[in-house]
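Q: Protein sequence lines correspond, in order, to chains A and B. If you're matching positions, the first sequence starts at 1 in our numbering and goes up one per residue. If you're matching positions, the second sequence starts at 292 in our numbering and goes up one per residue.
Hints are computed from structural coordinates only; laboratory data are not their basis. For clarity, every value in this text was computed on a predicted model and none was experimentally measured. For every residue, glycine included, the Cβ atom is placed at its ideal position computed from N, Cα and C. You may find that some hints are simply not true.
What the hints assert, rightly or not - Derived coverage of chain A by chain B (criterion: at least 3 residues anywhere in the stretch with Cβ under 8 angstroms from a Cβ of chain B; other residues may be distant):
id: 1; segment: 192-203
id: 2; segment: 221-229
Claimed, not checked - As a list, the in silico DSS-like pairs of lysine-lysine whose alpha-carbon atoms are at most 25 angstroms apart:
id: 3; chain 1: A; residue 1: Lys-107; chain 2: B; residue 2: Lys-374
id: 4; chain 1: B; residue 1: Lys-368; chain 2: B; residue 2: Lys-323
id: 5; chain 1: A; residue 1: Lys-107; chain 2: B; residue 2: Lys-379
id: 6; chain 1: A; residue 1: Lys-247; chain 2: A; residue 2: Lys-142
id: 7; chain 1: B; residue 1: Lys-340; chain 2: B; residue 2: Lys-323
id: 8; chain 1: B; residue 1: Lys-323; chain 2: B; residue 2: Lys-309
id: 9; chain 1: A; residue 1: Lys-72; chain 2: B; residue 2: Lys-368
id: 10; chain 1: A; residue 1: Lys-107; chain 2: B; residue 2: Lys-368
id: 11; chain 1: A; residue 1: Lys-67; chain 2: B; residue 2: Lys-375
id: 12; chain 1: A; residue 1: Lys-107; chain 2: B; residue 2: Lys-371
id: 13; chain 1: B; residue 1: Lys-381; chain 2: A; residue 2: Lys-107
id: 14; chain 1: A; residue 1: Lys-267; chain 2: A; residue 2: Lys-277
id: 15; chain 1: A; residue 1: Lys-267; chain 2: A; residue 2: Lys-23
id: 16; chain 1: B; residue 1: Lys-340; chain 2: A; residue 2: Lys-67
id: 17; chain 1: B; residue 1: Lys-323; chain 2: B; residue 2: Lys-375
id: 18; chain 1: A; residue 1: Lys-241; chain 2: B; residue 2: Lys-338
id: 19; chain 1: A; residue 1: Lys-16; chain 2: A; residue 2: Lys-267
id: 20; chain 1: B; residue 1: Lys-309; chain 2: B; residue 2: Lys-340
id: 21; chain 1: B; residue 1: Lys-368; chain 2: A; residue 2: Lys-93
id: 22; chain 1: B; residue 1: Lys-340; chain 2: A; residue 2: Lys-93
id: 23; chain 1: B; residue 1: Lys-368; chain 2: A; residue 2: Lys-67
id: 24; chain 1: A; residue 1: Lys-207; chain 2: B; residue 2: Lys-379
id: 25; chain 1: A; residue 1: Lys-67; chain 2: B; residue 2: Lys-338
id: 26; chain 1: B; residue 1: Lys-371; chain 2: A; residue 2: Lys-67
id: 27; chain 1: B; residue 1: Lys-368; chain 2: B; residue 2: Lys-379
id: 28; chain 1: B; residue 1: Lys-346; chain 2: A; residue 2: Lys-107
Unchecked claim - Some but not every residue of chain A turned toward chain B, in silico, with C-beta under 10 angstroms:
id: 29; residue: Ser-12
id: 30; residue: Glu-17
id: 31; residue: Ser-51
id: 32; residue: Pro-244
id: 33; residue: Gly-245
id: 34; residue: Thr-248
id: 35; residue: Leu-273
id: 36; residue: His-274
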Amino acid sequence: MSYGYYPGCSLSGTAKEFDISLKKVLQKLSVELTEIQGWACCGASSAHATSHILSIALPVHSLLLAKEQGLKEVVTPCAACYNRLVNAQHEMKDPSTRTKVETVVDKPYSNGLEVLNLIQFFNLLGADTIKAKVTEKLGHIKAACYYGCLLVRPHDVTGFDDEEQPRTMEAVVEAVGAKTVDWNFKTECCGAAHSIAHTNIVEHLSKKIIDDAIAHGANVIIVACPMCHSNLDMRQLNIIKSFPGQKTIPVLYLSELVGLAMGMSLKELAIDLHFIKADEILKPAEAVTAK
Amino acid sequence: MDAVRELSVIYGMEAGDKDTAKFHEAFLDQIKNFGKSYELGLIMEYKMKTMHLMKDVELAPGMLMRGKMSLTPHLSKERKNIKKIMEKTKTPEHKDGERKGE
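Hey, can you work out the whole structure from these sequences and the hints?
A: Okay, here's the thing in structure tokens:
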């Protein structure tokens, strides 16, 4: 099996462990990814905050390349890129927008590609397929599945899961044997791209997410978005400094958790690149209790 | 909200939140130059534009040691076309907010 791949810029930088862990897991499942040759940035928040047409033209450019290269489905692990790509497909249904964007990209547009986020992709591969490769017991892991904003909203664009109470990530986490917790902040915003310009806002919002996950008994937060990961993991260092007595919690990509269930090591999955260490909490329950 | 922000860019209005506006400028400059985001370039340009030179410097060693921030940009093979797209969207005929009545 082979699927098109739009990694997005973060997966070769701040979220390289997302790229590494996803590829390791797919290797185990004998699934191949074919990267779109010549893909470019989706424009992220900066494009849609400054130019409507640019915010559509940039994703359309990569979608057209995928189509030219004969790809049918495009896996987009970054939630922000996924959101921009499906948003572009949605906007191109409007004839006036389509005419303007076609002029800008200098190509006629045709749809017919399926853009999949990571959760959709795992669901497409099937819980039974993934379960068949599980070798480790993860029953000691209590995961708070964090979707953030961009996987589920706006619902008429993504058409994915429930925008307030999504459950599809929990289905994957439970399929690999980990437990999930019910909590309140699974679709709250972490502050996203304000991380650089308004760090204090991001810290404030991320602290609320972290605190709610811990309060509901989670020992790990699971994400499928590089921006969310960066804000909850790297920025947790600032939160610890700003709030004495702050409890910490590791933050893993969904692909990393699936990889752990398949018997891969923290190093193999590049979990050791995280700022908040995950090794203690991921030890089997007996080992933690015995310590 | 985006529509109002976009109009403010078209009409050259001064941003109330200058830091965020400078961040967007710096981010888009990386895409224009490389076709992809270049994190180190973005941070350097943002710092020079805002003069927040010391902000987040304590995170830099950890980012670099983990290989989470590359010293050199990753280039898109399509960067020339991306640059054209970005230049075209700057011309008034492709702006969504048309300057009607002017």
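Q: Look at each hint and say if it fits the structure.
A: Hint check:
{"no.": "1", "hint": "192-203", "result": "holds (count 6)"}
{"no.": "2", "hint": "221-229", "result": "violated (count 0)"}
{"no.": "3", "hint": "Lys-107(A) <-> Lys-374(B)", "result": "holds (15 angstroms)"}
{"no.": "4", "hint": "Lys-368(B) <-> Lys-323(B)", "result": "holds (13 angstroms)"}
{"no.": "5", "hint": "Lys-107(A) <-> Lys-379(B)", "result": "holds (14 angstroms)"}
{"no.": "6", "hint": "Lys-247(A) <-> Lys-142(A)", "result": "holds (16 angstroms)"}
{"no.": "7", "hint": "Lys-340(B) <-> Lys-323(B)", "result": "holds (17 angstroms)"}
{"no.": "8", "hint": "Lys-323(B) <-> Lys-309(B)", "result": "holds (21 angstroms)"}
{"no.": "9", "hint": "Lys-72(A) <-> Lys-368(B)", "result": "holds (21 angstroms)"}
{"no.": "10", "hint": "Lys-107(A) <-> Lys-368(B)", "result": "holds (17 angstroms)"}
{"no.": "11", "hint": "Lys-67(A) <-> Lys-375(B)", "result": "holds (21 angstroms)"}
{"no.": "12", "hint": "Lys-107(A) <-> Lys-371(B)", "result": "holds (15 angstroms)"}
{"no.": "13", "hint": "Lys-381(B) <-> Lys-107(A)", "result": "holds (18 angstroms)"}
{"no.": "14", "hint": "Lys-267(A) <-> Lys-277(A)", "result": "holds (12 angstroms)"}
{"no.": "15", "hint": "Lys-267(A) <-> Lys-23(A)", "result": "holds (14 angstroms)"}
{"no.": "16", "hint": "Lys-340(B) <-> Lys-67(A)", "result": "violated (39 angstroms)"}
{"no.": "17", "hint": "Lys-323(B) <-> Lys-375(B)", "result": "holds (9 angstroms)"}
{"no.": "18", "hint": "Lys-241(A) <-> Lys-338(B)", "result": "holds (23 angstroms)"}
{"no.": "19", "hint": "Lys-16(A) <-> Lys-267(A)", "result": "holds (13 angstroms)"}
{"no.": "20", "hint": "Lys-309(B) <-> Lys-340(B)", "result": "holds (10 angstroms)"}
{"no.": "21", "hint": "Lys-368(B) <-> Lys-93(A)", "result": "violated (28 angstroms)"}
{"no.": "22", "hint": "Lys-340(B) <-> Lys-93(A)", "result": "violated (38 angstroms)"}
{"no.": "23", "hint": "Lys-368(B) <-> Lys-67(A)", "result": "holds (17 angstroms)"}
{"no.": "24", "hint": "Lys-207(A) <-> Lys-379(B)", "result": "violated (41 angstroms)"}
{"no.": "25", "hint": "Lys-67(A) <-> Lys-338(B)", "result": "violated (39 angstroms)"}
{"no.": "26", "hint": "Lys-371(B) <-> Lys-67(A)", "result": "holds (20 angstroms)"}
{"no.": "27", "hint": "Lys-368(B) <-> Lys-379(B)", "result": "holds (19 angstroms)"}
{"no.": "28", "hint": "Lys-346(B) <-> Lys-107(A)", "result": "violated (42 angstroms)"}
{"no.": "29", "hint": "Ser-12", "result": "holds (5 angstroms)"}
{"no.": "30", "hint": "Glu-17", "result": "holds (9 angstroms)"}
{"no.": "31", "hint": "Ser-51", "result": "holds (5 angstroms)"}
{"no.": "32", "hint": "Pro-244", "result": "violated (18 angstroms)"}
{"no.": "33", "hint": "Gly-245", "result": "violated (21 angstroms)"}
{"no.": "34", "hint": "Thr-248", "result": "violated (16 angstroms)"}
{"no.": "35", "hint": "Leu-273", "result": "holds (5 angstroms)"}
{"no.": "36", "hint": "His-274", "result": "holds (9 angstroms)"}
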